[in-house]
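2 protein chains.
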Amino acid sequence: MSIIEPRTLKGFRDFLPREMLQRQALMDTARTVYQSFGFSPIDTPALELQEILSGKGSEETDRQMYRFEDNGGRSVGMRFDLTVPLARFVAQHIGQLGTPFKRYHIAPVWRGENAQRGRYREFIQCDFDTIGTRSIMADIEMILVIDRLLTKLDFERFQIRINNRKLLNGLLANLDLQAHSVAVLRALDKLSKVGPEAVVKEMVDLVGVSSQAAQQVLNLCQSSGESDGVLSVAESVVGGNELGREGVSELRQVLEATSAAGIPSARIHLDISIARGLDYYTGTIVETMLSDLPEIGSICSGGRYDNLASLYTKQDLPGVGASLGLDRLLAAMEELNLVQQAQSPTQVLIAYFDPLLQANYLKFGAILRDAGLNVELYPEPAKLKKQLKYADQKRIPAVLLIGSQEIENRQAQVKWMLDNQQDNLPLTEDLAAIIQCFTQKLSGSGADRQAVGLQ
Amino acid sequence: MSIIEPRTLKGFRDFLPREMLQRQALMDTARTVYQSFGFSPIDTPALELQEILSGKGSEETDRQMYRFEDNGGRSVGMRFDLTVPLARFVAQHIGQLGTPFKRYHIAPVWRGENAQRGRYREFIQCDFDTIGTRSIMADIEMILVIDRLLTKLDFERFQIRINNRKLLNGLLANLDLQAHSVAVLRALDKLSKVGPEAVVKEMVDLVGVSSQAAQQVLNLCQSSGESDGVLSVAESVVGGNELGREGVSELRQVLEATSAAGIPSARIHLDISIARGLDYYTGTIVETMLSDLPEIGSICSGGRYDNLASLYTKQDLPGVGASLGLDRLLAAMEELNLVQQAQSPTQVLIAYFDPLLQANYLKFGAILRDAGLNVELYPEPAKLKKQLKYADQKRIPAVLLIGSQEIENRQAQVKWMLDNQQDNLPLTEDLAAIIQCFTQKLSGSGADRQAVGLQ
Numbered sequence: 001m002s003i004i005e006p007r008t009l010k011g012f013r014d015f016l017p018r019e020m021l022q023r024q025a026l027m028d029t030a031r032t033v034y035q036s037f038g039f040s041p042i043d044t045p046a047l048e049l050q051e052i053l054s055g056k057g058s059e060e061t062d063r064q065m066y067r068f069e070d071n072g073g074r075s076v077g078m079r080f081d082l083t084v085p086l087a088r089f090v091a092q093h094i095g096q097l098g099t100p101f102k103r104y105h106i107a108p109v110w111r112g113e114n115a116q117r118g119r120y121r122e123f124i125q126c127d128f129d130t131i132g133t134r135s136i137m138a139d140i141e142m143i144l145v146i147d148r149l150l151t152k153l154d155f156e157r158f159q160i161r162i163n164n165r166k167l168l169n170g171l172l173a174n175l176d177l178q179a180h181s182v183a184v185l186r187a188l189d190k191l192s193k194v195g196p197e198a199v200v201k202e203m204v205d206l207v208g209v210s211s212q213a214a215q216q217v218l219n220l221c222q223s224s225g226e227s228d229g230v231l232s233v234a235e236s237v238v239g240g241n242e243l244g245r246e247g248v249s250e251l252r253q254v255l256e257a258t259s260a261a262g263i264p265s266a267r268i269h270l271d272i273s274i275a276r277g278l279d280y281y282t283g284t285i286v287e288t289m290l291s292d293l294p295e296i297g298s299i300c301s302g303g304r305y306d307n308l309a310s311l312y313t314k315q316d317l318p319g320v321g322a323s324l325g326l327d328r329l330l331a332a333m334e335e336l337n338l339v340q341q342a343q344s345p346t347q348v349l350i351a352y353f354d355p356l357l358q359a360n361y362l363k364f365g366a367i368l369r370d371a372g373l374n375v376e377l378y379p380e381p382a383k384l385k386k387q388l389k390y391a392d393q394k395r396i397p398a399v400l401l402i403g404s405q406e407i408e409n410r411q412a413q414v415k416w417m418l419d420n421q422q423d424n425l426p427l428t429e430d431l432a433a434i435i436q437c438f439t440q441k442l443s444g445s446g447a448d449r450q451a452v453g454l455q
Numbered sequence: 001m002s003i004i005e006p007r008t009l010k011g012f013r014d015f016l017p018r019e020m021l022q023r024q025a026l027m028d029t030a031r032t033v034y035q036s037f038g039f040s041p042i043d044t045p046a047l048e049l050q051e052i053l054s055g056k057g058s059e060e061t062d063r064q065m066y067r068f069e070d071n072g073g074r075s076v077g078m079r080f081d082l083t084v085p086l087a088r089f090v091a092q093h094i095g096q097l098g099t100p101f102k103r104y105h106i107a108p109v110w111r112g113e114n115a116q117r118g119r120y121r122e123f124i125q126c127d128f129d130t131i132g133t134r135s136i137m138a139d140i141e142m143i144l145v146i147d148r149l150l151t152k153l154d155f156e157r158f159q160i161r162i163n164n165r166k167l168l169n170g171l172l173a174n175l176d177l178q179a180h181s182v183a184v185l186r187a188l189d190k191l192s193k194v195g196p197e198a199v200v201k202e203m204v205d206l207v208g209v210s211s212q213a214a215q216q217v218l219n220l221c222q223s224s225g226e227s228d229g230v231l232s233v234a235e236s237v238v239g240g241n242e243l244g245r246e247g248v249s250e251l252r253q254v255l256e257a258t259s260a261a262g263i264p265s266a267r268i269h270l271d272i273s274i275a276r277g278l279d280y281y282t283g284t285i286v287e288t289m290l291s292d293l294p295e296i297g298s299i300c301s302g303g304r305y306d307n308l309a310s311l312y313t314k315q316d317l318p319g320v321g322a323s324l325g326l327d328r329l330l331a332a333m334e335e336l337n338l339v340q341q342a343q344s345p346t347q348v349l350i351a352y353f354d355p356l357l358q359a360n361y362l363k364f365g366a367i368l369r370d371a372g373l374n375v376e377l378y379p380e381p382a383k384l385k386k387q388l389k390y391a392d393q394k395r396i397p398a399v400l401l402i403g404s405q406e407i408e409n410r411q412a413q414v415k416w417m418l419d420n421q422q423d424n425l426p427l428t429e430d431l432a433a434i435i436q437c438f439t440q441k442l443s444g445s446g447a448d449r450q451a452v453g454l455q
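Protein sequence lines correspond, in order, to chains A and B.
Its first residue numbered 1, the first sequence is counted upward by one per residue in our numbering.
Its first residue numbered 1, the second sequence is counted upward by one per residue in our numbering.
Chain A on its own, in the form it takes in the complex:
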């Protein structure tokens, strides 16, 4: 029989234990933090009707969608994000769910992107949103979630950049540029990439804004320094425009509240230049930059929107939420040495010396597991060297060595693989001394956290 070459599809990848333990640890932290604010998990199908998916997305997402006809002749597609499914979900179930509805969703999405750009065609999104309230408290909470999440992941130097769409839109209205707002915002969004002159040029040449107005927009966006100072500039340029004043007031509330909640002011940065391309946002906007790796871009972005589900329901559903860039964040954590290199969840390997002791090994395994340890029994009486090599390759921190001699002397040997030390421990029926030693050495210390994939 000829062999089929085992390979993954172009743009797709396998996750081996080391990578999967890291991803799992990160997703667990996200889950724990989201839940600590009362966000509930949901899930939606990987496949949806094409009419659902293609309604809301952009031309780009439409083009990238995996779409086909199923066996029943229905036009279906694989979800390309979690926002469109959320809109459909909320429109369908909001009567039962009630508001405010706080959900998170951690799940894979698929996009037939050009894989040469170094992107994958299957990736996980980690979104959280609060639906059904216009209260600024929900905006504030979005920022608290991001701050707690990054702190829990051991990031120390990061900056949550905040802006408000109302401020920009108010300014544009004041300058009589509402009709061009999307084009102006699009130009502004390139500020950090192309510089101020190119942005003014785009506004003037492509959008038809007067050079004076373009300069005024730019001045606001470039004002930086103390938040209070920036807000004063903002207040003066929006003048009497109500929307703009609302934007300034919301930004002020967000700044005060995040400070009251204990976020150091250095982590919160007012940045009037961020517009986040999408038309979608209508109020608060956030981006999150790692101070040590600004080049990777925002690792958690989001904002407030007025109407999540207008394609699927006439009910007004305002909301606010953000999305964590899992792959980007993992790459950053790898680079900043914030992930550990565990190859297995095992904390203790029981070496298999003697088939006559098999029943003992099984009993010991059960007792150690009852004490909360991850314990693996080497499956056959191989040479000790081979078993230790296995423990070493899997980065298992402890090997428990028990032969007939040890049973007789009531002494077990423990080999600590990370520092190559050895201990003798009393071998009793209930393994009390061994459990005490393992739980001390393997929890709290690096070894235990290594086992779960995070430092």
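For the record, the hints were derived by calculation from the structure and aren't laboratory data.
In this text the structure is predicted, and so the values were computed from the model without any measurement.
Hints may be right or wrong, so weigh each one.
Pairs count within a copy or across copies, as identical chains cannot be separated in the list.
Said to hold, decoys possible - Calculated cross-link-like contacts (lysine to aspartate or glutamate; reagent style DMTMM-like; alpha-carbon spacing at most 20 angstroms):
| id | residue 1 | residue 2 |
| --- | --- | --- |
| 1 | K10 | D327 |
| 2 | K415 | E380 |
| 3 | K152 | D370 |
| 4 | K441 | D419 |
| 5 | K363 | E256 |
| 6 | K314 | E5 |
Got chain A; can you put chain B on it based on the hints?
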């Protein structure tokens, strides 16, 4: 603009918070138990090349596969199980992974089944396997994993049924029926459904077995009672056949070892009649029945196989593993009242009384989260009645009531939603008394476990 009707595709479904919390708790338990035996998580792509997927599956899975041509003109399919991807994965990476390789995989699979049979077209599989060892220890461990998993899920009455393919194949060889083994096993597999006479009839009429031989096969399969007695019958019918004797010896080792590891003998049941349809298995076979709900069938099944990945590599890769039926198990847990009805992970709702106290609410939320509690702040100063109704609907166990009066008196009120009691607690800067009360009342007790979705 006309509205698109928000609906899921036929055969697919959304998971709302209550259902998702239950599923998540079940998957977490599976993960914890798998990891406690040293199984590592992996993941593979949802999409694979059709040549990979259609090689190993049956005609049925081929027909049910979601397959299409992607934008690059490749024939692709959505995975219909986790076994074929595992075979491909192991063939591709075993050099790097080494053996024994112990992995688990919890992930969705897709099958275009006839949804009228009450099945879903998207469902989660929870598989664990040990690859690369022929040691019976791995078979034994599979049973220990199943036992620990069901025990952790609070099942009390269940039975792990064990058989060994070698015993049956040895008996068939002894009766000169090797050539008909698949057909005979297929007939036997129907024993519990159609009864002994129909099975004998199928063997005689369809397979062409002599009625004497058919009766002998059936006698073995129907022998029951004490394991020792059944094994003696088995030993006598396989006679001198080596494969058959190996089967008997393996069953004996499995029985002894599971007993040594502390599994009550009532939970382990030798059942020579189970053959588990598939050709695939070559040694130990297991099924798991809930004693209170036998009608739902096996909730965790598996066995040993000789050659996992022969389609993709010439390397011999024997293995043993089992698959947990997540949906079936959840249905059973629901029926046996083993799941809780939490609608949200929130343990404490901070009621929003007074906008002037907003900074306090934010601070309190942060302090309680630091103490490990899941805390939600109602997002706006709505009427208390509305806020309490919200807590009630979400089954949030505690509501913290702090108005200006409480701040002044340094007393907070706590309303316990489940029993409608109220407490007054000292309101200090660090919330020490409140934290102590919450952690006592909300952890260990039903309320905390309710919050995570499991009783």
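Evaluation of the provided hints:
no., hint, in the structure
1, K10 x D327, "within (18 angstroms within a copy, 32 angstroms between copies)"
2, K415 x E380, "within (19 angstroms within a copy, 57 angstroms between copies)"
3, K152 x D370, "between (28 angstroms within a copy, 11 angstroms between copies)"
4, K441 x D419, "within (12 angstroms within a copy, 42 angstroms between copies)"
5, K363 x E256, "between (58 angstroms within a copy, 12 angstroms between copies)"
6, K314 x E5, "between (52 angstroms within a copy, 11 angstroms between copies)"
Of the numbered hints stated above, none is contradicted by the structure.
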